[in-house]
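Q: Sequence lines, in order, name chains A and B.
Residue 57 in the working numbering sits at position 57 of the first sequence; the count goes up by one each step and never skips.
Residue 533 in the working numbering sits at position 246 of the second sequence; the count goes up by one each step and never skips.
Rather than coming from a laboratory, the hints here were simulated on the basis of the structure.
Some hints here could point you the wrong way.
[Said to hold, decoys possible] For lysine to aspartate or glutamate, the following DMTMM-like pairs were computed, each having C-alpha atoms within a straight-line distance of at most 25 angstroms:
| id | chain 1 | residue 1 | chain 2 | residue 2 |
| --- | --- | --- | --- | --- |
| 1 | B | K419 | A | E88 |
| 2 | B | K419 | B | E432 |
| 3 | A | K132 | B | E432 |
| 4 | B | K419 | B | D522 |
Fair warning: this is a prediction, and the values are worked out from it, not measured in the lab.
There are 2 protein chains.
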Amino acid sequence: MSLSDRLLHCSIADLSAFRPWTIGGVQIGWLRHDVAEALCAYPSVFSVGTDAVALKPHLDSFDYRSAAVGDVVRALAERGIVQGWRNEAFAVAASYGETPLLRLERAAVPVFGVKAYGVHMNGFVRDGDRIKLWIGRRADNRPIEPGKLDNMVAGGLPFGLDPMANLIKECAEEAGIAEPLARRARPVGVIAYRMLHEDLLRQDTLFLYDLELPADFVPTNADGEIAEFRLMELDEIEAILSESEAFKFNVAPVIIDFLVRHGHFHPDQPGYCELALGLARLSPPAG
Amino acid sequence: MSLSDRLLHCSIADLSAFRPWTIGGVQIGWLRHDVAEALCAYPSVFSVGTDAVALKPHLDSFDYRSAAVGDVVRALAERGIVQGWRNEAFAVAASYGETPLLRLERAAVPVFGVKAYGVHMNGFVRDGDRIKLWIGRRADNRPIEPGKLDNMVAGGLPFGLDPMANLIKECAEEAGIAEPLARRARPVGVIAYRMLHEDLLRQDTLFLYDLELPADFVPTNADGEIAEFRLMELDEIEAILSESEAFKFNVAPVIIDFLVRHGHFHPDQPGYCELALGLARLSPPAG
């Protein structure tokens, strides 16, 4: 699989298996048709139409919406429709920075096809003109993509934390990076994608950071989410990305973006344009 | 005008003023309807339909196509339809890296709405944790955007030169950067856009480079294209981008991309997502 194909894996063109769900007339997610039909059991919360699902308008506050949808999510978990309970709340809004409309258990986010946000940090070390990247391997008990390769530090954005605060928290928990060093992480852009993963729609926006680490820094994981770290050559990382699915699905584009930004690829190489623009073309339409 | 609006300025959604033109059934450009009608005068070269214009299939080699279209372009220049003759050939292909189908005088590129390529280099200086960027002001006699602010080094990709060779040439001509230093420029990505500029369609792909310069380096222009250089603070550049149209139309996104990649903006600022993803959304569909 070429690196460009690895990016295509993170996009979906055909949404015919899904229908929109709306709050106050504004679309905030996509429901798979069978999930939408399952919501017919909760007529006090959802109006289920064949073309779209609307949250009932009497749920007109953040607290009402969070409580009513929360009850449905717990019922869906008992029915096995929501799986892998995280006990972690994400904010749901039409787009980033808008006032959240409700809070939603993280495990329900892809079931309701709402936008989620995360931070991903490339921890790297310079060796003269060369760069090496710290790569983590996810613990075998992770609910998503166990055992896969990952960024040094990454995490979903929980309700009420801004990206930098979340990054500082994750730096400490995932890699033992103290706050003063974590604060040197540089925001370097955003990747957004809409993709099918395990038959659910993920609409994620990742805030990307680079952190240059001292050559003698050794990461240590505190929260059990990362089994081991390795400082890897960029050529080895490129080969793994090209030849295997060893990297977590959404870490592949983050690292391809890192490789592009740091000059690992050259415009004179075949496919450079396609790869660099492939990152841009992941991004679903605005809104 | 917000920086996001500055990006929107580099995109066009409505192509109804244009019709496709094709070679061998493959679209390679867009012609404004009045330009398409003007091509009715050259029935041995173009088949002009109301929905599309096709190059005549008997023009079945690079040399035949270049000669026949070249004759038409000279005639269009005499009629004032092609303006600002450059005497510089660009390669025309369906997409980058494919075998060129013909060579075309640069002044005709936006008239025929074909894809063009260029290199843009951000020349910067570090001052502790801060960064300053060298900005050029275009000479008052430039055919495009005279007097506007520009990257330190930038240039269209002429027929037969690859991006790095072109960058080295432009570094010497535009800023007096010798080859060993120019070779340290790092490719950092690609920006593509399709926009209306002076009523013509520009479909450009820019190969972006960053070059860190020594603090004592002073650029000198040799080709008369840049009137003066200034080493500017990023805050000042951001203010000029926000408040004026002083930057050349396609340099604005290049510099916004630089500011995003170098952490000048933070995810916690309002509009960060919109700005970072706005760069990605410039990119027209693949092909």
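Q: Does each hint hold? Answer for all of them.
A: Now for the hints, and whether the structure bears them out:
A C-alpha spacing of about 42 angstroms is found between K419(B) and E88(A), which places the hinted pair above 25 angstroms, so the restraint is violated. A C-alpha spacing of about 24 angstroms is found between K419(B) and E432(B), which places the hinted pair at or below 25 angstroms, so the restraint holds. Distance restraint check for K132(A) and E432(B): the Cα-Cα separation of roughly 42 angstroms exceeds the 25 angstroms cut-off, and the hinted pair is therefore not satisfied. With a C-alpha separation of about 9 angstroms, the suggested pairing of K419(B) with D522(B) holds against the 25 angstroms cut-off.
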